[in-house]
Every structure is written in C-alpha cells, then in structure tokens.
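Trainee: Here are the chains, one letter per residue:
2 protein chains.
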Amino acid sequence: MQDRLEDVKAQIQTALDDAMAHLPQGELTDAMRYACIGGKRIRAFLVMESARLFGIEDAAALPAAAAVEALHAYSLVHDDLPAMDDDDLRRGLPTVHVQWSEATAILAGDALQSLAFGLLSDDRIGTAETRMALIAGFAEAVGARGMVWGQALDIAAETAIAPPDLVAIKRMQQAKTGALIQFSATAGAVLAGQDPEPLAEYARNLGLAFQIQDDILDVTGNEAETGKRIGKDDAAGKATFVSLLGLDGAQEKARKLIRHAEAALEPYGEAAGNLRQLARFVIERDA
Amino acid sequence: MQDRLEDVKAQIQTALDDAMAHLPQGELTDAMRYACIGGKRIRAFLVMESARLFGIEDAAALPAAAAVEALHAYSLVHDDLPAMDDDDLRRGLPTVHVQWSEATAILAGDALQSLAFGLLSDDRIGTAETRMALIAGFAEAVGARGMVWGQALDIAAETAIAPPDLVAIKRMQQAKTGALIQFSATAGAVLAGQDPEPLAEYARNLGLAFQIQDDILDVTGNEAETGKRIGKDDAAGKATFVSLLGLDGAQEKARKLIRHAEAALEPYGEAAGNLRQLARFVIERDA
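Those sequence lines, one after another, are chains F and H. Each residue of the first sequence is one higher than the one before, counting from 1 in this note's numbering. Each residue of the second sequence is one higher than the one before, counting from 288 in this note's numbering.
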C-alpha cells in the first residue's frame, strides 16, 4: 500500500500543478498552490483505489482524485481562519492567512472550490453522464448538507450551553469529514456505473475511525509528526470522542469500526487489499 | 422589461427557496437564505432572456439562473467580510457577518458556491452534455481566472504603491463582475448549442457599463436607494472609473458601451427587445 500511496501522491501533485499552471499567476495562485502542498492524500487514494476495483485506469480517475484534494485543501484553509478554528500551523507550515492575509486565504479557498468542480468536468473522466453523476454527488458532499454543514455544527457546538453527546458528535463528523470520504471511496463505483453501497459502508466506518484517531492524536500526538497544533481540543474544553469515551474507549471504538470497514470490502475479494491496508493505517498512523 | 424582470425575480425566489428547503435547517441555511434576499436579479434575467432568444422554456433555464444568483450572493457575502471590503450594509440589510458572525458568513458563502454547482446539475436543464458545458464555463467564470481572481486584483490594488490605471481597472472589472455577467448572457446560447459570440460581445460591453454605473452611484447615489454604503471608494482613495475619467467622462464612456452592447444584439432582431432595454436600464438605474 505504501508504494501505491506514494505513487498517488506524485500523480496528484502533477495533476494539481498542471491545473494551476494555466491560471493567471500571482498571490492568489501562489496561495492556492501552497495550500495544496503535502497532506496524506488519503481521499485521492480512495478515489484511485476504488476506481481500480472496477478496472478504471488511473488517467480517468485522476481528475476526480485531484478535485477531492483541491476541495479538502480549501476546507482546511477556511477552517484555519481566525474566525473559525484560528490555527497558525498546518501540514508543518504556517497557515495561509498567516503566510499571506485573511483576504487571500478566503479567496484562495473560494478559488480551490471552483477549481475542484472544474476538475470534475474534465472529459478524461468519462461520458458527460458519468461526470454529471460525480458532480451532483460532490455538490451534496460539500455543501449545506455535507462538509460545510458539519463545520457549522462543529462551530455551533463550541458555543452551545450543553456540550454535544456522542450522537451529536457522530452526526457532526459524518457530515464534516465523512461525506467527502464517502464521496471519494464510492467514486470508483460511480465511474463504473456500479452499486456504490459496499464502498459507502466501508467509507462510513473508515471516516468515523479516521476522526476518532484524529481526536486521539490531538491528545497523544506531537506537533513535529502531525504538522499541526495539538492539545487544542482539550484546552478549549471541546467535547471529542476521547473526552466522551476515554482514550481506551476511543481506541477500542476505532478498532471496531475498522473491522466493520474491512468486512464491507468482502464483495471485492483480493482486489481490495490496498483499501484494507488503508483501513488499518488510519488507526495506526501517528500523523 | 419591468414586467419580465418582476416575473424572473419571483421565479428565482421560488427556485432558491425550493433548493434550500431540502437542506438541514439551522443558522447556516438561515444565513444562506438571508444572503439571497433581494437584489436586482440582473444576472438571472440575462440567463432567462438569452434562453428565450433560442426558444428555451423558463423551466429549463431557471436552475441555471438560480445558480448564478446563488453564486452572486456568495460573492457578496465574502466580499463584505471585515478582511475584505468590510461592509455592514447590503441590499438595505445588515451584512451576514454583522447579522450572525464571520464564521457563519464564511460558511454560508462556501455553501452557496456548492449550491450553485448543485443547481447546474439539475436534469431539467437538458442533456448531460449541455449541463457539463454550462458547469465547465461556470467554473472558469467563478474561479482563479474569473470572479475570484478579479476580487484578488481589486484587493491587491488597494495596497499597491502606484494606483491602477484604466487598463488595469478594466482587466480587474472584466474578471470580477464581467466573467459572471458574460456567463449569464451566453447561457441561452450554450443551452441551445448555438454560437455564444454575439451575446458575449453584448455582455462584455454591458458588464463594463454596469461597473462604471456602480462607480458613478458610489459618488452620486444615496444609501436609501442603493441599500449599501456609498462614498466608500472615494473615502478610501480608491481608483475607479470616476476618479480616472471624471463624472462626465465616466457617464459618456458608459453610454458608449451601451450603444455597443445594443449593436451586438443585431442578429437577434426584435426578440432581443428585453436585453436592449436592460442595457439602457443598467446606466439609468439609481440603485
């Protein structure tokens, strides 16, 4: 899996560089490019590997994988803004608004969202019908019933009188990070016109485990490895899976979700080896 | 034309209300809905009337017209943020970040952009090919070579040592407001699979005249009519068409552009009557 992840990383970097090389150059594109540096590229890997399950070539899956990473980069730039989570460090670098300005960070995020939709209209992906199916699903996963809604719920929870319970946190996380992970993991089935449900089940379990591991790393991780500030949730008194389940309980919950994620891949047999390994990686990672 | 404009306004309000009725309800959707209140709906009118030139029914053009207005609403919400133009009044109401918070304004803008792309995937618009052509053009008009780029140039000009000249201001405005106006005015031709060039020529002239009139109203208008703060450009020492051409020069330039816009409609004959009237309205309006 590591080899394939490195391969996907290299392909994504080239695809994003190409997409931005044709834009007018300046501070805006510099900030967009900067926002896309690094990252684990897990979402892109999900797109590329789910496509491979159905015999779809990398060249056809790549624009969608790049779109998901551009979108993810936008969400981090906006989440890090002073008015949102107010973070100064991301992927080991100063955040975009620290490096440039709040205005540039807002605009770079906005332009990365447009870029993502533009990438999904690339005709190397397949027929217009296929691209339309992807775009409709993408708009749902991103907007006011997907990622952006999740971030709004997260921010509302911080100022709520009663802290959220486990049900509320799960709902928030399924929207905030789960929707885009599910889009990514089912992209291959959509590209192939096949039933996305087994991959959706895999993704729901994977996405939640991923978030629990993020909460665990906010307690046990260090900034040199994660490339972002840690201990922030605890300092803010924020309810997380760790604060609600305890460290052991959160780890046990994550392991159980990953077993469910692996089980969901049953229909694909050996071909899903990389997706199985990714599931284990998600809870074993320390960054 | 006024009757048709009122008719378009009502249709757009219904389409946007419908699109947002199916989202999870809360502060985020309240802010999105609020951001979409009012407005002249000129962009929607351009979509609907350019579609009518080619015999395309309102029902097929409406999702695209609503998409353009949702996108325009997002751009206003983000432009009004403290880190950008820092405006507290818009369309006669407190701006979104004043009414709620900066975080809610950032998220509502983000979600309105996704909503716009989602609206363009509505299958009432036409075939998948037609929707894909619209979406690809829309992504270009919005992102880092369109509206967002124009806003970045505008903000950069404010802190530049040398004030921008007429060429730089034209380039900035063609991107900031021109690209979306051109998308709107050519949408009918794209929907019909016809040559968009005459409408593009109309739109380039119309868009620039529209912006010049905005600059004029920032000097001669009043807040009760425009629903936004006036005199801001002058107070900020910002270079505008009025500061560079003088009030008379700017008015003459706008009139000349409108004559060119009307001339570009020649191929459509009488059917383009409403688009001709809109062109005259753009420089006669006081709001």
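Some hints could be false.
Said to hold, decoys possible - Covered stretches of chain F (chain H as the covering partner; in silico rule of three or more C-beta atoms under 8 Å from a C-beta of chain H): (1) 53-60; (2) 79-92; (3) 100-112; (4) 124-132; (5) 138-145.
Treat the hints as calculated values from the structure; they're not laboratory data. Given the structure is predicted, the values throughout are model-derived calculations rather than measurements. Even for Gly, the Cβ is constructed at its ideal location relative to N, Cα and C.
Trainee: Identify every previously stated hint that the structure contradicts and give their numbers, smallest first.
Mentor: 1
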